[in-house]
Amino acid sequence: MPRLKSIADWFEQRLQIGRAVNEALTHPIPRKSASWWYVFGSAALTLFILQVFTGILLALIYVPSAAEAWNSLQFLNHGVTLGWFLRAVHGWGSNFMVAVVLIHLCQVFLFGAYKFPRELTWVVGVFLLLMTLGMAFTGQVLRFDQDAYWGLGIGASITSRVPFLGGPLVHLLLGGPIIAGTTLSRFFALHVFLIPGLLIALVSLHLLLVLKLGINEWPMPGRVVRRSTYVKEYQEMTHKDGLPFVPAAIWKDMFFSAAIIVSVMACAWFFGPFGPTGYPDPTIVQTIPKPDFFFLWLYAMLALLPPSVETPALLIGPVIVIGFLILLPFLSGEGEKSWRRRPVAVVTLLLVVVALGTFTQLATYSPWSPIMNAWSGDPVPVEYLNGRSPLERQGALVFQVKQCRNCHSIGGSGGKRGPALDKVATKLNHDQLVRQVIQGGGNMPAYGKNLNPAEVTALVSFLETLRPSNQPAARDASQAVLTEKERNRPPANGR
Amino acid sequence: MSDQEKKEVSRRDLFTKIGMMLNGLAVVILATPVVGYLLSPVLGGDRGQYKRWITLGELDEFPEGQTRLAKFQNPIAGVSDGETDHIPCWVRRIQGEQFQVFAINCAHLGCPVRWFAQSGLFMCPCHGGVYYQDGSRASGPPPRGLFEYQYKVEGGKLMIEAGQLPTLSTTASLGARKSGCQG
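If you read the sequences in order, they're chains U and B. Residue numbers are given in this note's numbering: position 7 of the first sequence equals residue 7, and the series is strictly consecutive. Residue numbers are given in this note's numbering: position 168 of the second sequence equals residue 168, and the series is strictly consecutive.
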């Protein structure tokens, strides 16, 4: 022991940081802030360290070349001892990191921690969030498979919508005219050097600010932040009724971080690594690209935004959202911190969470996408064919062969792009069905050029059978009135 | 004494300032090639330098009245491209030497559209864009029809002018419809 002490003293004599470290560790925090609600920031840091660590290990094998990347991932998965596990830890670690950073943001927002004097801490945090998302996206690109390839295409297509500069920006993003070797190289540089470097710098700044300004106190309704008095009040709170960070609070951080790491490893062990999906060869067009979990909401929004507002929403939306986040502490730097006294903040957050959650949930089954093999894969249910006339059965055949099924489901299978057609005959009458098939409309292509009259007749006669037996077929009410009148009218030569 | 001290300080001050200026100058001199290097994808691609005429195949590989998938090697390729510089496209031979060559990329966000001959439609698997056989938009989110390559027939071969990923803003120099170039 004395030897250990003398070694420590030797270093301390030269480094002279012992006192500073000690002060940082034992800095006083408000009594109620030693809470389980305050563990997300440190968990995000732990996950970041895990990501750096596993990332370096993966870089021992991974080859950042469009020709080799996919093969090197396969080699990691199958050829290197526990390579699959490290890939899985890095992939799940990424998902956990995005999730924890988002939870941290919500908690800090609800606790009013961005208010005076912690505005800069918040602003740095906003950039840390953006960089975390940047790491998630660039990481998905490094998993150079079909999803990555076409994901880059989507990125380029969004970029191309920038007015005037769109073209040059696309080439700058891709590092050339097409998605190819140089594209992967630059995303590798971003993912491995640039963004992590910035992250390390900004995380350090974020932590320094937390230490300098002290951790946010537990918000109490009625305890109002004022620029003139806050610092003094906080000093009193921490010095009269405070606790040292070590050991009062740090054990909770450590417990939670450990739990998170164990959870990441459990997910990695039981669910395995992400992909890679198909080989990144653009000539394989039989592919259905999909982004990773944390970009699913964006995928859904891109499908659901009306085309006319899509470009402005894509280009102006992020500016507004990021601008709002950065300006927030300057717009509302004082006042109540407690969520009980900030209904607008709570409702806004709930709205955003519910919207993003809904978009994400929708994107898991993407009802807006045609199901490309429904026409050849899903049979027409037998009960829809029983006792039907030859013409109606021929119509069922047309229904399958003309890929109607890719967008319309019957009997519960098929695409969800258009409405399910199990009850279509209760909604549209014969004439309306013919018109809809031939002219399309309401987001349906017109089939007039691709169906001959015989096929239309057969198809419509099949569609007219699609109704439950206890529901009447749709009828043209005005036509019915006319025919009724016709019948009741006395004959012209009635006299 | 105070005079002398002032003098010395201002002398050091001067050298500090000169030192800063020298470093600033060095940064500017260094920045010029760095910026040029970083912008090389843009500067290299200006004025249609990415476009080349390339052969897609013999005419009789494309039966009249049909739409077929064709593949070509991108004229600008790098050492580490792997398969990524093999680009697919849809070739519609209307009749004789009348063609339409469509980019594989959906005009919405670039996903690969698939051709369904039976219904005469191109469908996109990502966000549900649908196009008619002539490439015009049928339904869904795409803001326009499919991107088309310029084509010409030479010596019994179908050639297209290609070289860059078609998007909403890189299409003009590719399809060259707006700039008035002809194939």
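In case anyone wonders, no lab produced these hints; they're calculated from the structure. Just so we're clear, the structure is a prediction, and the values are computed from it rather than from any experiment. Mixed in with the good hints, there may be bad ones.
What the hints assert, rightly or not - With beta-carbon atoms standing in for the labels, derived distance ranges:
1) B:Leu14 <-> U:Ile7: 43 to 49 angstroms
2) U:Val21 <-> B:Arg11: 26 to 32 angstroms
3) B:Gln66 <-> U:Ile284: 19 to 25 angstroms
4) B:Lys71 <-> U:Gln74: 19 to 25 angstroms
5) U:Leu120 <-> B:Ile29: 32 to 38 angstroms
6) B:Arg11 <-> U:Lys5: 48 to 54 angstroms
7) B:Met20 <-> U:His78: 42 to 48 angstroms
8) B:Met20 <-> U:Leu198: 35 to 41 angstroms
9) B:Met20 <-> U:Val344: 47 to 53 angstroms
10) B:Glu61 <-> U:Tyr279: 45 to 51 angstroms
Backbone N, C-alpha and C define an ideal beta-carbon position, used for all residues, glycine too.
These are the hints, each one checked on the structure:
Checked against the hint of 43 to 49 angstroms, the pair Leu14 of chain B and Ile7 of chain U passes, with Cβ atoms roughly 48 angstroms apart. The supplied range of 26 to 32 angstroms is broken by Val21 of chain U and Arg11 of chain B, whose beta-carbon atoms lie about 41 angstroms from each other. Restraint check, Gln66 of chain B to Ile284 of chain U: a C-beta distance of roughly 21 angstroms satisfies the suggested window 19 to 25 angstroms. A hinted range of 19 to 25 angstroms holds for the C-beta pair Lys71 of chain B and Gln74 of chain U, which are about 24 angstroms apart.
Distance hint check for Leu120 of chain U and Ile29 of chain B: the Cβ-Cβ separation is about 34 angstroms, which falls inside the suggested range of 32 to 38 angstroms. For the pair Arg11 of chain B and Lys5 of chain U, the beta carbons lie near 50 angstroms from each other, so the given range of 48 to 54 angstroms is met. Taking the beta carbon of each, Met20 of chain B and His78 of chain U are about 56 angstroms apart, not inside 42 to 48 angstroms as hinted. Range check, Met20 of chain B to Leu198 of chain U: about 25 angstroms between beta-carbon atoms, so the 35 to 41 angstroms window is missed.
For Met20 of chain B and Val344 of chain U, the Cβ-Cβ distance of about 49 angstroms falls inside the hinted range of 47 to 53 angstroms, so the restraint holds. The given range of 45 to 51 angstroms is broken by Glu61 of chain B and Tyr279 of chain U, whose C-beta atoms sit roughly 25 angstroms from each other.
In summary, the structure is inconsistent with hints 2, 7, 8 and 10 from the numbered list given earlier, while agreeing with the others.
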